[in-house]
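Colleague: Chains as they are written, first to last, in the UniProt record's numbering: chain A, 1 to 451; chain B, 1 to 451; chain C, 1 to 451; chain D, 1 to 451.
Please note that the accuracy of each hint is not assured.
Note that the list lumps identical chains together, so a pair holds whenever it fits in one copy or between two copies.
What the hints assert, rightly or not - Derived lysine-lysine pairs resembling BS3-like cross-links, with alpha carbons at most 30 Å apart:
(1) Lys343 with Lys18
(2) Lys318 with Lys304
(3) Lys427 with Lys19
(4) Lys218 with Lys166
(5) Lys318 with Lys61
(6) Lys196 with Lys318
(7) Lys298 with Lys425
(8) Lys76 with Lys189
In short, the hints are calculated from the structure, not lab data.
4 protein chains.
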Amino acid sequence: MSTQIPIAVRNRVSERAKKTLDVVARFVEEDCIPADTVYEAQIGVGDARWEAHPQILEDLKAKAKSLGLWNMFLPKGHYKESPGFTNLEYGLMAEWLGKSRVASEAVNCSAPDTGNMEVLAKYGNEEQKAKWLKPLMDGKIRSAFLMTEPQVASSDARNIEMKITKDGDHYVLNGQKWWSSGAGDPRCKVYIVMGKSDPNNKDPYRQQSVIIVPSDTKGITIERMLSVYGYDDAPHGHGHITFYNVRVPAANLVLGEGRGFEIIQGRLGPGRIHHAMRTIGAAERALEWMLMRINDPKKTPFGKQLREHGVILEWVAKSRIDIDAARLVVLNAAIKMDEQGPKAALTEIAQAKVLVPQTALTVIDRAVQSFGGAGVSQDTPLANMWAQIRTLRLADGPDEVHLQQMGRNENKRGKAVTDKINAQKAKAEELRKKYGAKRTEIGSNIKHSKL
Amino acid sequence: MSTQIPIAVRNRVSERAKKTLDVVARFVEEDCIPADTVYEAQIGVGDARWEAHPQILEDLKAKAKSLGLWNMFLPKGHYKESPGFTNLEYGLMAEWLGKSRVASEAVNCSAPDTGNMEVLAKYGNEEQKAKWLKPLMDGKIRSAFLMTEPQVASSDARNIEMKITKDGDHYVLNGQKWWSSGAGDPRCKVYIVMGKSDPNNKDPYRQQSVIIVPSDTKGITIERMLSVYGYDDAPHGHGHITFYNVRVPAANLVLGEGRGFEIIQGRLGPGRIHHAMRTIGAAERALEWMLMRINDPKKTPFGKQLREHGVILEWVAKSRIDIDAARLVVLNAAIKMDEQGPKAALTEIAQAKVLVPQTALTVIDRAVQSFGGAGVSQDTPLANMWAQIRTLRLADGPDEVHLQQMGRNENKRGKAVTDKINAQKAKAEELRKKYGAKRTEIGSNIKHSKL
Amino acid sequence: MSTQIPIAVRNRVSERAKKTLDVVARFVEEDCIPADTVYEAQIGVGDARWEAHPQILEDLKAKAKSLGLWNMFLPKGHYKESPGFTNLEYGLMAEWLGKSRVASEAVNCSAPDTGNMEVLAKYGNEEQKAKWLKPLMDGKIRSAFLMTEPQVASSDARNIEMKITKDGDHYVLNGQKWWSSGAGDPRCKVYIVMGKSDPNNKDPYRQQSVIIVPSDTKGITIERMLSVYGYDDAPHGHGHITFYNVRVPAANLVLGEGRGFEIIQGRLGPGRIHHAMRTIGAAERALEWMLMRINDPKKTPFGKQLREHGVILEWVAKSRIDIDAARLVVLNAAIKMDEQGPKAALTEIAQAKVLVPQTALTVIDRAVQSFGGAGVSQDTPLANMWAQIRTLRLADGPDEVHLQQMGRNENKRGKAVTDKINAQKAKAEELRKKYGAKRTEIGSNIKHSKL
Amino acid sequence: MSTQIPIAVRNRVSERAKKTLDVVARFVEEDCIPADTVYEAQIGVGDARWEAHPQILEDLKAKAKSLGLWNMFLPKGHYKESPGFTNLEYGLMAEWLGKSRVASEAVNCSAPDTGNMEVLAKYGNEEQKAKWLKPLMDGKIRSAFLMTEPQVASSDARNIEMKITKDGDHYVLNGQKWWSSGAGDPRCKVYIVMGKSDPNNKDPYRQQSVIIVPSDTKGITIERMLSVYGYDDAPHGHGHITFYNVRVPAANLVLGEGRGFEIIQGRLGPGRIHHAMRTIGAAERALEWMLMRINDPKKTPFGKQLREHGVILEWVAKSRIDIDAARLVVLNAAIKMDEQGPKAALTEIAQAKVLVPQTALTVIDRAVQSFGGAGVSQDTPLANMWAQIRTLRLADGPDEVHLQQMGRNENKRGKAVTDKINAQKAKAEELRKKYGAKRTEIGSNIKHSKL
Ligand SMILES: Cc1cc2nc3c(=O)[nH]c(=O)nc-3n(C[C@H](O)[C@H](O)[C@H](O)COP(=O)(O)OP(=O)(O)OC[C@H]3O[C@@H](n4cnc5c(N)ncnc54)[C@H](O)[C@@H]3O)c2cc1C
Ligand SMILES: Cc1cc2nc3c(=O)[nH]c(=O)nc-3n(C[C@H](O)[C@H](O)[C@H](O)COP(=O)(O)OP(=O)(O)OC[C@H]3O[C@@H](n4cnc5c(N)ncnc54)[C@H](O)[C@@H]3O)c2cc1C
Ligand SMILES: Cc1cc2nc3c(=O)[nH]c(=O)nc-3n(C[C@H](O)[C@H](O)[C@H](O)COP(=O)(O)OP(=O)(O)OC[C@H]3O[C@@H](n4cnc5c(N)ncnc54)[C@H](O)[C@@H]3O)c2cc1C
Ligand SMILES: Cc1cc2nc3c(=O)[nH]c(=O)nc-3n(C[C@H](O)[C@H](O)[C@H](O)COP(=O)(O)OP(=O)(O)OC[C@H]3O[C@@H](n4cnc5c(N)ncnc54)[C@H](O)[C@@H]3O)c2cc1C
C-alpha cells in the first residue's frame, strides 16, 4: 500500500492515487483474497465450470464500484473515460490486484478486457464504442482477443493466417485460433480478431486487419479449451476456436483495412506493465506464504523451525532483493510510458516483460519448496500461481523474441562505442608520448628471444 | 536401448539384460507411449476417474508378461522371486519406462508397489508374503505407502505421529496421513503404514513401527485427493486419509515393534535409483519432442526454423550434456549398490536423488518454452512431466535435507585434509630452507614503511 | 550522462547536478580513460611500483579542480565542506568515475579516503579535522582504514583483536591488520584504526575504539602487500601491517573510548552506494567493449560477425536488463539515504551491496568470453575489472553475512503475515457459509473408500 | 588414488595402473604440492622470471623417473614409446597432477608438450622424431604450439593467416601468433606452427600446413607475454610472437602440404581429457582447502564455525555432486576414446570440455568466498587456480563453439524422432478407435458456444 511505494517513485504518486491505493490494498486483502477459494468452489465441477458465473464476483464488483474502484487501468489524459490515474499509479494498484484471483475482474481491470477496451477507446469509432466499449467499461460483458493460431509460429505475428475476405458490405472469416483467453466465460460476448485481409501485400506489416466479431456469430465453434499445467482456468479459460464462413458487417472493421499491426502494437505497452505488476504482487504473496510456513511452530524438521535454517533465510533475502529490483524496473517503465508514451518506452517495457516473470517464478518455486508436499497441491495458492506466471514467459511474445529484439537494439550503439574506444586509445598513445611513458609489457625483454 | 548404454558401464550389462532392454525399449515406444493418451481418455471425467481401471492397461500387462517383462525391478541375488537383473541393468530399463505414463505399471514395476514389495520380500514373514507379496508380484492388487502426515514436517521421519497402540492381539491406529500415492486406485488393497508404537522411547529411531493395513479396514477414510499443479493423477492419485480406531491383527506388524526406521531405510535406496532413471527417460523424451518442434517446417518465427536460432541449439547441447552427466551419476550409484549394497552407496544415491530432478526440470522447461503456448497445454506430454518431476525435489526427502546430510558427510574429512594441508605447508617451509628460496612477497621491500 | 538518468529518478536531480554530471562524464571519457594506461605505464615495475606517484594524476587533479569537480562525494546538508550534491546526484557521477581507474582519485573521491573523510568530518574534533581532514580534502595526502585482521573472521567486527591500551596520555597499539587498502601509496599518511580498548566489556559492541595513527609512527611495519587475482593494485595496494608497541597521543582517539562500532556503522552507508555505482559504471564499460568486439569486422568465426550469433545478442540483452535493474536498486537506496538517512536505508543499501557486484561480474564475464583469449589478458580492461569487482562480494561484509541479516529482517514480518493469512482463511470460511459454497475437493467422493 | 576411482570404471583399471596411480597421488601430495611455492619463489621477480629454471623441478623430474612416473600420457597401443596406460588410466593420474603446479612437468606430461609429442609420434617422420620427439620425451627441451593469431577469430581455425611460402628447399613464414603457451620458457626449443601454405585452395580445410620451427630461427621475435588475470605464468607464459621471413628447411613440414587440419584435429582429443581431469583435480583441491577453512576453530563469524552455517554445508554438498558428475563424464569419454578412438568419442570429449571448467570454476569460487579476503590473495592456491581454469572456457575452442557444434550434431536426430513421434500419434489414434476411447478435451461441450 501507499507506505510501501518505493521511495524513488513516491513523489510522482498523487495524494488521490495514494488514497485509492490504500483502498485497493484493503479491498484485496480483506475482500478479494478471502473470496478466491469461495469463487473456485462456486464454479463447480466438470462441464458446469464453463457456464458458471459465481454471485460472489458480482457482489465484489458492486462493492468495488461503491469504493470508487473501477477501470483504474485506463490511463489519465488519453481517454475521457479514465478515472484519472497514471500508468505508474495504476501499476502500483495492479500489484495488489495480482495477489488475488478475482480482484482484477472485481474492479473491471482484467485481461484481456483491458487491452480490448484500450483498442476500442483508441481506435474504435463512435458506433463501435457505443456497442462494445460501453458495456465492457460497465462490466456487463467480457471479451477475448484472438490473434494466436495453432498451425503457425504466432510469436511472429506476420505468420497469422486467418482469412478476412470482403464480400459486399460484410467480411467473411475463415481459419482457426487458439489461446483465446476468456472465451470460456459465458459472458464473453465479443472477440477482437486479427487476420489477413490482404495476404499478398508486399509490406508484411500491412496485410493484417483487426475486426470485431460477436461471439455468437454463426460459424464460430469453441472446439475445446486448453489447459495450463493441469489447470483449466475455468470459466475464463483459453479457447481453441474455429471460424467457418463467419460473416460480420463491414462496419465492424477497426480503423481500416491493413491497419492490424498498428492496432496490436498500440495494444501492448500498458498491458505488459499490468501483467508485470500483477506478477510482482503474486510474488509478494508467495513470499508471505513462505514466511508463514517458515515460522510455523509445528513444522520443525531436524529440530529447528525452518526460519532457523540458514539456507531458507537466504531464500527469503534473495527473494526480497529480486522482487524489489524487478518492481523498480516496471515502475520505471511505467513512468517512461507516462511521460513519453509507449513507443519511447519500448525497451523499458520489454525489460520488465522479460525480467518479472523469471523473478517471480524463482520466488514462487522457493515458496513451494519450503512447503514440502503441500506446496504443489491445492492447499496453497502457490502451485497455481506458478503455472499462471510460467505462461507469461510465452504469452505476449516469448522471452527469446524480446531478448533478440533488445539485443539488436542495444547493438545499434556498436559503431559509436567502437569509435569512442578507438579515440580513447589514440588519445592514450598521444599522452604516452607527451609523458614519455613507455608501455611496459611483461616479457618484452625476454633475453632468450633476442638472437 | 542397448546400443546407447554409456560405454563406461556397458561391460557390466549381461547379454541377457541387453536383449531385455531392447525388448523394453520397443515395448515402450511402440506399445506404451501410444497407449498413454488412450489410457487418459479411458479414465474419464469427474468422480468416475477414481473408479477407473482402463482395459488397455490389462492388455499391456498381458503383452508385457508374454514378452518376459515383469518385476524386473527386484534385484538379482537378493530375492528368489527376482527375474535376475542387477540394479544397473534394471536402471537402464527404468529409463525407458520413464518415457511413458503406463509403462511401469504394465511391467509391474511402478511405485509405490516396488518399494512395498521390497519391504515385504525383505522383512515380511511367510504369511505376510503369501497374503500380500504374492498378489502384488502378480499384479493383481496395488498398494500404498503411508508415512507422511500433514500436521508435521515429515521430511524428518522422527516427527511422524500416527498412533499404533497394542490392544490384545490387535493394533489400533489413530491419526492422519497424506500424500498416500496410489490410494486413489480402486485396486489399491493394502497400505504399508508407519507410525509410533513407542512414542516415549528415548531412542528417537526406535519409536516407530511399520504395519500392514488392508485398505478396506473399518475406520479408514479417504478424505480427499491432493492435486499436483492442477493434475489429479487419477486413478492413482495422492490420498489424504484419516485413521479412526483402525484395528488390525498384531500379525500384520512387520519385523517387530520399534523397527520402523530400519525398514524405511532399507526401502529407499533402489526406489531412488528407479525414480532417477525414469526421470532421465522423461528428460530424453522431452528432448525428443523439442527436437521435433525445432525442426517443424511450419514453425518459422522471424523467417527461420527454430533449429537455426543459435540460442535454441545451445539449449539442445546443454540438455544433452546435462542428461548424459546425470545418467552416469545414477548408473554409478546403481553399480555401487549392486557391488556393495545400499548402505555403502548412500552418498552416491543421494547425489542422484538431488541432481537428476533438477537436471530434468531444466531440460523439460526448455522444451516447454520451445513449443510456445502448446508447451504448457495438454497437447504435449511436457507440462505434465514437469509437474510430476517437480515433486521429486520434495518426495523421498526434499533436496535441502539431502544436501545438508551430504554436506555433513563430506565435512567429516575436515580434520584429515586440514592436517594434510598443514603438513604440506611445513614441508614447503623445509624445502624453502633446503633450496635457499626466499618467499618473495610483493611489497615487502616498501621503502616508505621503513622508518 | 544527464540524458541517460533513469526516468524514475530524473526529477530529483537538480539542473546543477545534471550539468556537473555531464562535465564528469566528459572528463572521464576524454581525459581519465585515456590516462589509465599511461598511469599504469608510469607506475613502472618491481619494487618501484610502491614508490610511484605518476605526474599524470596530479595533472588530472588540477584539471578536475578547474572544472569544479572535487569532493563531490561529501553529501549536501550534512557537511559544510560539501560541494552540495545529494547521494543520488553523486551516485550518478560515481557511475562515470567507475569506468576509469584514475578518475575517482582525480576528483578526490576515491576509497578509502572518502569513508575516512566522512569519519573525520562527522566524528572528528576540530584539531583532528585541521590536521587530517583538511589535507585529505585538499588531496594532499591519502589514508587507509584498518579494521580487518588475518587471524580472525573479520566479517564479524566483534572478533577484531588489535589491542589499544591506555598508557598515560598515549594509547599503545599491538596487533596486526591486513587488507589495509591504500597503505602501499607513499602518500598514505594516516591510518584510521579500529581495535579493542576494552576487550572485557560485557557489551560486545562497546569494546572497540577508533583511533587515528600517522603511518610513519614507530612500530608500524608493512610486512607485505596482498595480491588480488595476480594484480598488485600498486601503488595503492592492500597492506599486511604489524603494530608493535605503536604509541599515539590520546588526543588521536575519535569520539571516545568504546565508540568504535558506532563510528564504523556510520561510515558504511554512503561508501556502499559509491562502490555500487562505480561498479555499475564498470559494467557499462564492459558492455561497450563487448559491443566493440562483436561488431569487429575482422572477427568472423564461422562466417559471421559475433553480433549475428543469437547467443551473443542474448548476452547483450540480458546484460542491459540486469545493469538497468541493478542501477535502479542503487539509486533507490541513495534516495532513501538522502531523505531518511543511512539508518533507515539499511535494507536498501544492503540490497544494492549484494546485487550489484554479482550483476557486474556476470556482465564482465560475458564480455571476457566474447573477446576470446584477449579477454583474460592485459589487452582489455576486462580481466582487471573482474578481479576488482570480485572482491566486492567479500569486502565491506561478504554476501552471506548481508543475506542472513536481510533474511532475518524480512522474517520479522513472519507473525504479522501469519495472522493476516489466518484471518483471510477464517473470512473465506465465513463467506463459504454465507454463499452456501461447498469446497469441492477432488476425490472426496471416492466410492471405494466408503466401506 | 586407487581406492577413490568411481566404481563404474574401476573394473577397467589394471592393477598396474592402480599401483602407479597410488604412486602418482603420493608423489603429488608429498613432493609436488610442497614444491609449488618453492618453485614460485625460485622463479624470482621481474624480467628474470623468463630466464628461470628452478632446480627443484629438475630434482622432482629425477625423482619421478626413479618412481617410474614418466610420459604416462602417451596412450598404450598407439605408440611404442608409451609406458602402457589407457586414456582412462592416465586420466585418473592426470586428476592428481592437476592439484599441483609443478606435477605435470615433473612427470613430463605437461601441455603443450604432450600434444606436440603426440603430433610428432603420430605424424612425424623418423628424422623429425629423432630430432624433436626424442628430447621432448626425455624432458630435455620444451615446445610450443602456435596456431592462434591476434588479428583473426582463431576459434575458427580456417581464419588463420600465417603465410607459409615455399622457396626452394625451404619454407618461409610470415605473420604473427599469440597465446603461444610455453614460449616464455628458456628451454622451449621448438614451435609446432600452423599456417597457410595454399590460401587459395577451394577446400578451406586443405589450405593449412603444420611445420616444425626451431625457436631460435632468425626472424622470430617474442614481442611480449600475455597475462592471465594479472598472472604472468612465468617462466612458461603465453607469447605474442612475430615471424618475419623465417626460413626453415622443407623437411620440417609435417605429413605434407595441406594436411594441417588433419593434424590439429588428431591432436585435440587426448589433450582435452588431460585438461579436464587436471581441472577435476584442481576442483578437488579447492574443496579440500574450503573444508580446511570451514573447520578452522579460529574463524567463527557470528559465533559459529563456518561448517555450522547451513549455506556453507550446501556449497560443500553441491560441489561434491558436481565434481563427481563431471568426473564421470570425462572418464566415460576417456573410455570411449580408448575403445573406439578419438573420432568416435568427439561428442563425449566435447561434453567434458564444456562441462568440467564451468563446474570447477563454481567450486573454486565457492572456496574463494569461504576464505573471505584471503581467498582472492596469494595466500591460497585458489585465486590462481580460478584464473587458470577460466581460460579453459576459451582455449582449445570457446564453449560457444562446442555448444553450437554439439547442438547441430544432436539435431541430426530431428527427422528420425519426428517420424517416431508421428507414428506414435497415429498408433494412438488407432488404439483410441479400437478401444472406443473418446479423447475428452475439456470445454469441448461448452454450451454457450453451441448456437
Ligand atoms: C496462458 C496463455 C494465454 C494466452 N492468451 C492469448 C490471448 O488471449 N490471445 C492470443 O491471441 N494469444 C494468447 N496466447 C498466445 C501467446 O501469445 C503465444 O503463445 C505466444 O505469442 C507464442 O506463440 P506460439 O505459441 O505460436 O509459439 P511460437 O511462435 O511457435 O514460438 C515457440 C518458441 O520458439 C522460440 N522462438 C521464437 N522466436 C524466436 C527467436 N527469434 N529466437 C529464438 N527463439 C525463438 C521461443 O522459445 C518460443 O517460445 C496465450 C498463451 C498462453 C500460454
Ligand atoms: C507427488 C508426491 C507423492 C508422494 N508420495 C508419498 C507416498 O506415497 N507416501 C508418503 O508417505 N509420502 C509421500 N509423499 C510425501 C513426501 O515424501 C513429503 O512431502 C516429503 O518427505 C517432505 O515432507 P513434508 O511435505 O512434510 O515437508 P516438510 O518436512 O515440512 O519440509 C518442508 C520444507 O522444509 C525444508 N527443509 C526441511 N528440512 C530442512 C533442512 N534440514 N534444511 C533446510 N531446509 C529444510 C525443505 O525445503 C522442505 O521442502 C509424496 C509427496 C509428493 C509431493
Ligand atoms: C580487495 C579488498 C580490499 C579490502 N579493503 C579493506 C580495507 O581497506 N580495510 C579493512 O579493514 N578491510 C578491508 N578488506 C577486508 C574485508 O572487509 C574482509 O575481507 C571482509 O570483511 C571479510 O572478512 P574476512 O576476510 O576476515 O572473512 P571471514 O570473516 O573469515 O569470512 C569468510 C567467509 O565466511 C562466510 N561467512 C561469514 N559469515 C557467514 C554467515 N553468517 N553465514 C554464512 N557464511 C558466512 C562468508 O562466505 C565469508 O566470505 C578488504 C578486502 C579485500 C578483498
Ligand atoms: C591461457 C591460454 C592459453 C592458450 N594456449 C594456446 C596455445 O598454446 N596455442 C595456441 O595456438 N592457442 C592458444 N590459446 C588460444 C586459444 O585457443 C584461443 O583463444 C581460442 O581458440 C579462441 O580464439 P580467439 O581468442 O581468437 O577468439 P575468437 O575466435 O575471436 O572468439 C571469441 C569469442 O567469440 C564467441 N564465438 C566464437 N564462435 C562462436 C559461435 N559459433 N557462436 C557463438 N559465439 C561464438 C565465443 O564467445 C568466443 O570466446 C590459448 C588461450 C589462452 C587463454
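Colleague: None of the hints should be skipped; say for each whether it holds.
Modeller: Verification of the supplied hints:
no.: 1; hint: Lys343 with Lys18; verdict: both (27 Å within a copy, 25 Å between copies)
no.: 2; hint: Lys318 with Lys304; verdict: both (21 Å within a copy, 22 Å between copies)
no.: 3; hint: Lys427 with Lys19; verdict: between (56 Å within a copy, 24 Å between copies)
no.: 4; hint: Lys218 with Lys166; verdict: within (17 Å within a copy, 71 Å between copies)
no.: 5; hint: Lys318 with Lys61; verdict: neither (37 Å within a copy, 40 Å between copies)
no.: 6; hint: Lys196 with Lys318; verdict: neither (47 Å within a copy, 34 Å between copies)
no.: 7; hint: Lys298 with Lys425; verdict: between (65 Å within a copy, 18 Å between copies)
no.: 8; hint: Lys76 with Lys189; verdict: within (27 Å within a copy, 60 Å between copies)
Violated hints for the displayed structure, listed by number in ascending order: 5 and 6.
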